[in-house]
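Turn these sequences into a full structure, and let the hints guide you.
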Amino acid sequence: MALLEVRDLSIEFETRKGNLKALERLSFTLNEGETLGIVGESGCGKSITSLALMGLLAPNARVSAGALRFEGKDLLAMNEEARSEIRGAEMSMIFQDPMTSLNPSFTVGFQLEEMLKAHPREEADRSPAGRRKRLVELMEQVGIPDPAQRLTCYPHELSGGMSQRVMIAMAVASRPKLLIADEPTTALDVTIQAQILELLRDLQRRYKMALILITHDLGVVSETAARTMVMYAGQAVEEGPTREVIASPRHPYTAGLLQCLPALHAKEAPKTRLPSIAGMVPDLLARPSGCQFHPRCSRAQEPCWQALPDWRVEGSRGERCHFPLTQAGGGQR
Amino acid sequence: MSAGQPAAGSTILEIRGLKKHYPVRGWLGQKGLVKALDGVTFAVQAGRTLAVVGESGCGKSTLARVLLGVEPATEGDVRVDGRARSELTREERLRSVQMIFQDPYGSLNPRKRAWQLIAEPLAVSGKFSRAELRSRAVALMDKVGLRAEYADRYPHMFSGGQRQRLGIARALMLHPRVLICDEPVSALDVSIQAQVLNLLLDLQQELGLSYVFISHDLSVVRHLADEVAVLYLGRVAERGPCDRIFNDPRHPYTRVLLASTPKVAGALDSGQAGAAANDARFRAVKGELPSPLNPPPGCVFHRRCPIAGERCSREVPAERQVAGRVVACHEA
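Each protein sequence line maps, in turn, to chains A and B. Per the working numbering, residue 396 is the first one in the first sequence, and the count goes up by one each step. Per the working numbering, residue 151 is the first one in the second sequence, and the count goes up by one each step.
Incorrect hints may appear among the rest.
Stated by the list, open to error - The list that follows gives simulated cross-link-like pairs (lysine-lysine, BS3-like), each with its CA atoms no further than 30 Å apart:
no., chain 1, residue 1, chain 2, residue 2
1, A, Lys512, A, Lys603
2, A, Lys603, A, Lys572
3, B, Lys185, A, Lys412
4, B, Lys293, B, Lys262
5, A, Lys528, A, Lys572
6, B, Lys262, B, Lys277
7, A, Lys416, A, Lys468
8, B, Lys436, A, Lys528
9, B, Lys185, B, Lys436
10, A, Lys572, B, Lys436
11, B, Lys293, A, Lys666
12, B, Lys436, A, Lys603
13, A, Lys512, A, Lys468
14, A, Lys512, A, Lys416
15, A, Lys528, A, Lys512
Hints are computed from structural coordinates only; laboratory data are not their basis.
Structure, rendered in structure tokens:
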């Protein structure tokens, strides 16, 4: 049984300007211990997906799904109480900006201890002395030097990297089966980013935790996730093993994204024009007809503006395109 | 400056031993000194791009402010076309260096129309009529790829990429020789980022502009720069021609930066990404940037450095020539 099963998940918001479809018929499954990278540009639906999984959407969101199951339990049928039992304990989340995710008026230790009180996982978590010991262990585990002293710090006394480590300690305190990381390193410098990604990989191995890594950075996904899903305008456009998706993208959007990236060790001469994707992401309140990418796609033909392509699965890969790139055509520069 | 385009390759902007120190008052009145820039030397050639790379707190933004002239240097001067900036008239200063900012949302006055924003640097002189200003602004809009119909729009009606184009047009209004670009594409989505980078490349070709390109993104720098200066805690760790530094980095910090940058494996970065960039010693380096108030003695990088020797904790390494670039490291 898959740890997480998402089938035809859609999210709509009723706004003054009309009905906004933030997410349309998203499907994927995630097994225990697996890492899925979700990539896409702003407004593609990455973050709304994670909020929906956590049950943290605003009350005006209308969620519908063919299935949304976590360990076989139907998440949508649960009441708020049952949901909050799972949230933080079985699945937890870390956010992009660690500085604003911590409460500035309480010490790091106090906030971390709250987590242990709310979701005790070990016998030690039930007594103050036991918790004390666990806190130090947790801080050590996420690589915070001088952990006992750091517990008495307030968030503003920590750097961005340290705050993100504290957030991670909080998220893994109850040994969740699923960790959702929404742009966990975007606000951090590259050397700190490398440290945090290493830490996530390490914790994942140790706890056999499944990880959903949401990012705009194809490099981060490529180094961390075994599988990748590319999203555009609230829809998944392509999914598959990361290496295959990058080496031979099937959807023209994925291919375009890869070509836009300047390479660190490019073979071509520097200072030449980069290939770019013309135009911009559609307004979700005024979506184009048919395939959402067709106004920017150089391969678009009549079927593309007439009908939204179906999600097609073939072996380990899935895509939503009328005219997918073939092996020979894709991913070449 | 009435002279035409300078010959390509001549030095247009030069700093030598530039220092910028900020005094800091503690709560008991004791003073510290933040050395935001501590002896930075480099030169920018006409029509070329110098990239300044480094992590937050390394002094990149202070450097931009000093180069632009909004903050005086503590020591050392900025020389433009061979003349000290202090000798230039106000107008010459404005026409020598202009800047574009990271945040296209925050750097444009929301109550002004696009053409007014673009023309503002020229409008302050009071020498031009409204019609003249507008026609000049519209001409520049065309140059940066914005449609003339957009001239009367307000900034909120533009997308992020378009706003960055607005910022570029505004900076070009006074025909500067040097454009300082402070993280100009970091706030943009990848597909839009490529469009703006292409625009910068086109403008450089067409106008012979020089760029000081401040960025934390090494892939972008590799694509755009002729020369690179790697900054760490207010000092230059390594500087020299872009291809040398990327293909054969000598300073351990440069190697750490290259190794830490996530690579899109399997497709674009295959090939020479190996060797230098993937040396395991330089991956996931320990620790964080030290406090600039209390920098470590000797080489400021030695506590995080995977190859630091005993000498590194005592002596500040001097800049020296190694393999066609300048490196400040005892072990390089």
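- prompt: Between B:Lys185 and B:Lys436, is the straight-line Cα distance small enough, at 30 Å or below?
  reply: holds, 23 Å
query: When you check the alpha-carbon spacing of A:Lys512 and A:Lys468, does it fall within 30 Å?
result: holds, 24 Å
- request: Measure nothing beyond the straight line between the CA atoms of B:Lys262 and B:Lys277; if it is 30 Å or shorter, mark the hint as holding.
  value: holds, 20 Å
field: Given hint A:Lys603 paired with B:Lys436 - CA-CA distance at most 30 Å
entry: holds, 25 Å
Pair hint outcome, A:Lys603 versus A:Lys572 [Cα-Cα no greater than 30 Å]: holds, 7 Å
message: Need the status of pair B:Lys436, A:Lys528: alpha-carbon distance at most 30 Å?
response: It holds: about 25 Å lies between the C-alpha atoms, which stays within 30 Å.
- prompt: Does A:Lys666 lie within 30 Å of B:Lys293 when you go C-alpha to C-alpha?
  reply: holds, 19 Å
message: Check whether the Cα positions of B:Lys293 and B:Lys262 lie no farther apart than 30 Å.
response: Holds, because 20 Å separates the two Cα atoms, which is no more than 30 Å.
- prompt: Is A:Lys572 close enough to B:Lys436, meaning Cα to Cα at most 30 Å?
  reply: holds, 29 Å
- request: Would you check the hint for B:Lys185 and A:Lys412, treating anything up to 30 Å between C-alpha atoms as holding?
  value: Since the Cα atoms of B:Lys185 and A:Lys412 sit roughly 52 Å apart, the hinted pair is violated (cutoff 30 Å).
field: 30 Å limit on alpha-carbon distance, applied to hinted pair A:Lys416 and A:Lys468
entry: Satisfied, since the Cα-Cα distance of roughly 26 Å is no more than 30 Å.
query: Taken at face value, is the distance from the CA of A:Lys572 to the CA of A:Lys528 at most 30 Å?
result: Judged against 30 Å, a Cα distance of about 23 Å means the pair holds.
When each numbered hint is compared with the structure, violations occur for hints 3 and 14.
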